[in-house]
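Colleague: Chain by chain, the residues run as shown.
Protein chains: 2
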Amino acid sequence: MGCVHNIRVPVETATWSIAELAAEYDVTLRTIRFYEDRGLLTPERRGTVRVYHPRDKVRLGLILRGKRLGFSLDEIATIVDMYDAEPGEEGQLVYLLNQIGTRRAELEQRRRDIDETLEELAEVERRCQADLRSLRNR
Amino acid sequence: MGCVHNIRVPVETATWSIAELAAEYDVTLRTIRFYEDRGLLTPERRGTVRVYHPRDKVRLGLILRGKRLGFSLDEIATIVDMYDAEPGEEGQLVYLLNQIGTRRAELEQRRRDIDETLEELAEVERRCQADLRSLRNR
DNA sequence: CTCGTGATTGACGCTTACGTAAACGTAAAG
DNA sequence: CTTTACGTTTACGTAAGCGTCAATCACGAG
Chain A
530 MGCVHNIRVP
540 VETATWSIAE
550 LAAEYDVTLR
560 TIRFYEDRGL
570 LTPERRGTVR
580 VYHPRDKVRL
590 GLILRGKRLG
600 FSLDEIATIV
610 DMYDAEPGEE
620 GQLVYLLNQI
630 GTRRAELEQR
640 RRDIDETLEE
650 LAEVERRCQA
660 DLRSLRNR
Chain B
530 MGCVHNIRVP
540 VETATWSIAE
550 LAAEYDVTLR
560 TIRFYEDRGL
570 LTPERRGTVR
580 VYHPRDKVRL
590 GLILRGKRLG
600 FSLDEIATIV
610 DMYDAEPGEE
620 GQLVYLLNQI
630 GTRRAELEQR
640 RRDIDETLEE
650 LAEVERRCQA
660 DLRSLRNR
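In the order they appear, the protein sequences are chains A and B.
So in the working numbering, spot 62 of the first sequence is number 591, and the numbers just go up one at a time.
So in the working numbering, spot 115 of the second sequence is number 644, and the numbers just go up one at a time.
Where hints are given, some of them may not hold.
For chains that are exact copies, the list does not tell them apart, and a pair is met inside one copy or across any two.
Claimed, not checked - DMTMM-like mimics (lysine to aspartate or glutamate), calculated; alpha carbons at most 20 Å apart, straight line:
#, residue 1, residue 2
1, K596, E618
2, K596, E648
3, K596, E573
4, K586, D660
5, K586, E649
6, K596, D642
7, K596, E635
8, K586, E549
9, K596, E637
10, K586, D642
11, K596, E649
12, K596, E619
13, K586, D566
14, K586, E645
Bear in mind the hints are in silico, worked out from the structure with no lab data behind them.
All chains should be built: construct the whole structure from the sequences, respecting the hints.
Modeller: Take a look at the structure:
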């Protein structure tokens with residue numbers, strides 16, 4: 530199907546069960562199903578069973594990264610959906626570009642916050658180590 | 530008090546009402562009181578009224594930055610409390626240093642996540658702009 | 001005295017992001 | 001056929017982080 534020439538390529542690209550995905554990303558089945566409920570994942574169904582394709586796996590990775598960044602699932606949804614948005618018409622594209630701008634601003638603010646915090650932590654650390662030394666030199 | 534020499538300095542360092550703090554940081558009174566409930570803030574009381582000192586203001590700033598970074602209030606509590614921890618004994622110091630290590634690792638992971646996301650957003654952006662151009666050149 | 005302003009303490013409600021059974025289906029292995 | 005492993009849906013529970021009254025107090029202005 531789609532492979533006119535008789536070149537043998539693995540048409541059946543990898544798929545995963547829900548348990549495999551859960552193990553790989555260290556989340557529960559409940560979590561994965563919940564993300565589907567929220568429209569973030571749309572696995573294939575073989576009968577009633579969920580079958581996850583590379584696309585789903587990538588999206589799960591993106592979702593979890595978004596979570597680590599402290600975004601809500603709603604925000605993550607808009608972000609993740611940007612990745613595989615169809616070219617679409619001009620309005621769509623402009624909207625997308627705006628979204629990107631917004632997200633970038635947020636992320637850059639977060640990075641500034643992180644850098645500040647790291648510097649302050651380093652300072653606290655120096656104080657701690659100094660205190661430790663003065664304790665041990667007695 | 531503590532000022533043995535008769536040098537005139539403003540002993541009454543600035544204080545703020547709950548409403549002033551709320552306005553300055555753009556949060557609600559409810560939020561500020563909630564943070565107090567959770568032990569994150571400990572304003573002075575004049576009668577029943579809360580009076581916030583510079584220390585409280587700084588802590589509120591730290592809390593909100595923690596929130597922007599996606600930390601839970603519990604995590605924020607441990608982080609913020611590290612800042613004004615007393616020197617203490619060796620065990621305490623070692624514990625603090627461990628905490629700092631953990632937080633730093635988390636923050637550095639977050640920064641990596643941010644950088645990856647920013648790069649990917651930039652790519653999506655380029656695609657969008659290319660699509661826009663090809664739309665307008667028709 | 002009364003009114004408006006700004007503060008207080010409950011207490012209930014709501015959303016998010018799942019946890020946690022309960023009850024059931026299916027398919028391969030013993 | 002029964003067990004075991006793995007999957008399913010439905011549904012109630014929960015912790016976090018506030019929003020939103022309601023009732024009350026304190027105080028200076030008029």
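Colleague: Hint by hint, where does the structure go against what was stated? Just the numbers, ascending.
Modeller: The structure breaks hints 1, 3, 4, 12; every other hint is satisfied.
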